[in-house]
Amino acid sequence: MMQSLALSVALLACGSVIMAAIVAPMLQHQQNIQRALLCGLLGLTGLLACAAGFSGLMNDGGNIILPLGLPWLPMHLRVDMLGAFFLLVIGVLVFPVAIYSYGYLKHEQRLTPLAIFLPLFVLGMMGVVLADDAFSFMIFWELMSVSSYFLVTHEHQYIENRKAGFIYLLMAHMAGLLIMGSFATIYASTGSFEFAAMRDAEIAPLWASVAFLLAGFGFGTKAGVVPMHGWLPDAHPVAPSNVSALMSGIMLKVAIFGFIRITWDLMGSGDFQWWWGALVLAAGSSSAISGVLMALQQHDLKRLLAYHSIENIGIILIALGLAMLLAEAEYPTLAALGLIAALYHTINHALFKGLLFMGAGAVLHSTGSRNMEAMGGLIHRMPWTAALFLVACISISALPPFNGFVSEWLIFQTALMAPQLDGTLLTAMVPFSAAMLALAGALAATCFVKVFGVVFLGHARSACAAEAKEVDVWMKLGMAIPALCCLLLGVLPALFIPLLDRVPYTLLGTSLLSTLASGSGSAGQTSTALSWLWLTPIGAAHASYSAPIILLGMLVLGGLVFWWLHPKGIVIRRSKMWSCGNPHTHARMQYNATSFSQPLRRIFWDVYQPEEHEHAERRQHKLLTTRVRYVVHVSDMAVKHLYQPIGRFTLWIAKALRHEHQRDIHAYLAYTFATILFLLAAFT
Amino acid sequence: MSSMFFQCLQAMLMLLMAPVLAGFLSTLKARLQNRHGAGILQPWRDIRKLFGKEVVLAEHASWIFRFTPYIVFTATAMAASVVPALLLDTPLSLTADVIALVALLGLARFFLALAGMDIGTAFGGMGASREMTFAALAEPAMLMSVFVLAIGAHSTNLTTMISHTLTTPLLIQPSIAFALVAMLMVAIAEAGRIPIDNPTTHLELTMIHEAMLLEYSGRHLALMEWASMVKLLLFSTLIIDLFIPWGISVESSFIGVLLAFVIWLLKLIVLLVALAVLETSLAKLRLFEVPQYLGTAFVLAFLGLILHYMLEVGA
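Chains S and W, in that order, give the protein sequences. Okay, so the first sequence: first residue is 0 according to numbering that gives the first Met the number 0, each after it adds one. Okay, so the second sequence: first residue is 0 according to numbering that gives the first Met the number 0, each after it adds one.
Below, computed lysine-lysine pairings styled on PhoX-like, alpha-carbon distance capped at 25 Å:
hint: 1; chain 1: W; residue 1: Lys48; chain 2: S; residue 2: Lys567
hint: 2; chain 1: W; residue 1: Lys52; chain 2: S; residue 2: Lys575
hint: 3; chain 1: W; residue 1: Lys28; chain 2: W; residue 2: Lys48
hint: 4; chain 1: W; residue 1: Lys48; chain 2: S; residue 2: Lys575
hint: 5; chain 1: S; residue 1: Lys567; chain 2: W; residue 2: Lys52
If you're looking for bench data, these hints aren't it; they were derived computationally from the structure.
Build out the structure end to end from the sequences listed, making use of the hints.
This is the structure in structure tokens:
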């Protein structure tokens with residue numbers, strides 16, 4: 000047993016969140032104190048988790064055995080590099096979300112369910128990251144899934160919320176079953192549930208593949224990988240926005256964590272087979288593209304963001320898949336680069352997606368609507384929210400100088416520096432994934448121009464948008480923190496990457512900094528030379544990007560141009576907008592979300608297969624159109640062609656077996672007997 | 000220090016030459032169409048005049064609309080100063096590689112499209128929607144065609160890529176031919192030239208770029224126009240750099256840079272003449288044929304990438 004600062008702080012964070020779960024629900028009658036206590040303790044948890052993550056990454060982690068759980072299997076907890084990094088991801092978003100929640104939940108009537116399940120949800124996520132045996136991992140995993148189910152169905156008065164919650168619960172448990180199967184497969188080869196024993200044991204290639212597939216499908220379902228993403232676009236929009244921020248920002252990442260834990264840590268890169276990486280790469284590419292394509296056709300703001308989560312999980316998986324391929328082909332340095340890119344995108348996505356969901360929550364809070372077609376012009380009404388939301392939009396669109404660009408840049412570098420791999424399939428797949436990444440990035444930019452343009456710019460399309468109010472200081476503060484982090488991670492990646500570099504060191508036994516010859520330049524204060532990015536051992540390769548210089552250059556140049564051109568002391572004349580001479584303009588003449596994505600709907604017609612109905616009303620004369628109605632509906636192909644058939648098939652079986660349920664007691668005894676016989680025959 | 004001087008010189012030259020070359024192009028087109036044309040300095044006269052004019056903003060315009068011209072101009076100028084035109088190894092060329100270059104142009108486009116939507120006119124939204132849609136197809140195509148060369152050079156840095164092309168013996172590489180065709184197609188689209196978009200139109204239902212600028216006036220309009228001229232020069236220089244870099248100065252000597260300038264100018268003139276002939280002889284594509292055009296570019300570039308792996312690396 001080895002105690003350490005990181006572990007103590009992590010345990011303290013768990014203690015703080017348990018306290019929140021116990022004490023806050025008791026204060027049912029003092030809403031204000033309850034809210035303050037809940038948010039205060041959650042914020043404290045976030046800070047402590049951040050601290051634990053940092054100290055775990057910088058120093059060494061530790062492990063502890065708690066006398067909880069099964070008598071022969073006490074609870075093993077451990078902070079290692081991978082866990083420490085994910086603790087950091089959790090903490091860095093839980094803290095601002097806690098601040099945000101203090102403002103967001105001000106008018107919440109039923110606070111008590113949130114006061115129970117929000118801390119439990121955070122506890123579950125931290126526990127998964129800390130767990131060092133399969134049993135505690137599964138306990139915390141289920142705690143996370145079940146408590147998030149209650150958070151999703153918080154507003155259970157609406158039928159669609161209950162439906163979304165049910166599908167979520169169903170798929171989360173299927174995922175849990177698969178993950179348990181994966182652990183069981185590894186257990187069969189090692190005979191121990193402890194991760195330490197699993198790490199040391201040898202697994203036969205066949206069983207390793209089975210465990211990989213089970214883990215891949217299990218964690219993939221939870222992370223929302225296409226086509227197992229069906230629950231995600233339904234569950235995220237209906238949850239309260241602070242919960243959606245946590246679910247999309249962290250919970251999906253915890254699934255990524257679980258996948259890395261089983262494949263990279265418990266089995267290790269020595270067990271990788273060539274098709275593992277190829278499968279992950281294919282899943283990543285398809286998720287990235289289909290996520291963003293579906294997002295483009297949404298007009299529910301939070302549903303759109305949910306589809307973007309699928310896209311970003313796809314991007315993370317592209318990086319992970321590249322890293323797995325390269326690790327299998329024995330290019331550890333490049334594999335380390337891919338892994339770092341995946342982790343960098345993980346924390347980036349947590350930050351900007353958390354911010355986007357908080358921004359969407361602020362808009363929902365002020366306008367009472369999630370429908371983008373009813374918004375417009377909010378930049379005048381909610382200037383702070385608009386500016387912070389814009390930061391997240393630029394970040395997620397992978398544009399400099401914010402953080403999304405850095406991680407996508409790293410992924411591109413991994414793909415480009417990858418040497419030729421064996422086999423035609425792999426040779427074609429690496430550039431193909433890079434192409435899909437480029438396409439997804441460009442489409443994401445399109446989508447976020449649409450989001451920001453329709454929601455915040457132009458004229459208000461409805462009364463609720465015209466009368467929106469700016470949110471309070473807590474919500475603004477909660478959004479400002481991740482926005483600042485987005486900028487910092489975008490401008491100073493060279494300071495952050497050495498910290499991240501310790502994760503591949505423990506997983507691969509190699510790190511980027513130690514193996515790569517350092518170049519010239521000062522890799523200290525600024526990232527002038529990014530000396531760690533000499534990518535091939537031959538040393539000829541070279542790629543560099545310096546965000547501080549670009550940002551500084553743009554500020555200086557832009558400032559000079561502005562100062563030179565801007566006349567001092569003259570107020571700019573305002574006038575009516577030009578309307579082609581038509582005196583009557585109307586807010587509905589603006590492009591809206593549906594019309595903005597019309598060209599893409601037409602280009603990708605075969606992918607979307609939209610249902611379009613157009614109806615022109617001509618009352619007086621057949622040449623005189625009085626009214627036009629246009630209805631378009633784009634449904635998710637996976638839901639239509641995969642989920643609904645499975646659902647119908649299940650119902651059909653249930654109907655066919657219905658009469659077997661209503662038998663007398665003898666029949667039930669016979670069932671039991673047959674089952675016991677079968678089990679005895681099968682396992683003895 | 001002298002490389003720093005040449006860096007500044009090159010960046011200034013990119014900015015100052017852009018309107019001249021745009022004027023050269025329009026004069027050339029006028030001559031091809033049996034018109035006299037307004038002279039190659041006309042864009043400069045336009046910009047100077049616009050700088051002196053009063054700015055009129057729409058009542059509803061937010062700060063996005065006001066700051067976009069500065070952001071667009073700065074991002075484009077920043078991208079232009081990174082591209083080596085005269086001197087191979089300049090201090091700034093290390094700060095942004097090709098991917099960052101594409102992303103800087105993406106940032107400019109992002110704000111341009113937002114500004115188009117800010118006023119709330121139908122034209123602005125239309126332009127923004129089209130620009131972003133076509134850019135979403137053009138940008139990956141451009142990245143793919145650049146990647147063909149980047150993989151060959153094991154680098155995404157322009158300086159390293161150019162010196163790789165300069166030092167390797169001249170071979171016929173099918174992958175680069177594919178990349179070149181794709182790059183030319185994308186450059187025409189990105190610069191908003193015929194057959195994709197018509198920069199001289201101002202009220203046409205098929206316009207793309209100009210639709211977003213309709214509400215701009217005065218110095219804002221001047222900056223936007225200037226930025227799009229710089230973009231044309233930037234793409235031409237990028238094509239020269241990636242595919243025909245011979246002649247660029249390797250050392251930062253005055254004579255070498257002067258020679259490089261002359262050669263660069265000659266190459267630019269060849270490219271612009273080709274563009275003028277193309278623009279005069281072609282009609283604009285129908286709007287919904289543009290995706291097919293860009294899709295072709297994307298597939299060509301991707302084929303180039305595959306070919307590179309299949310034929311050239313293994314061989």
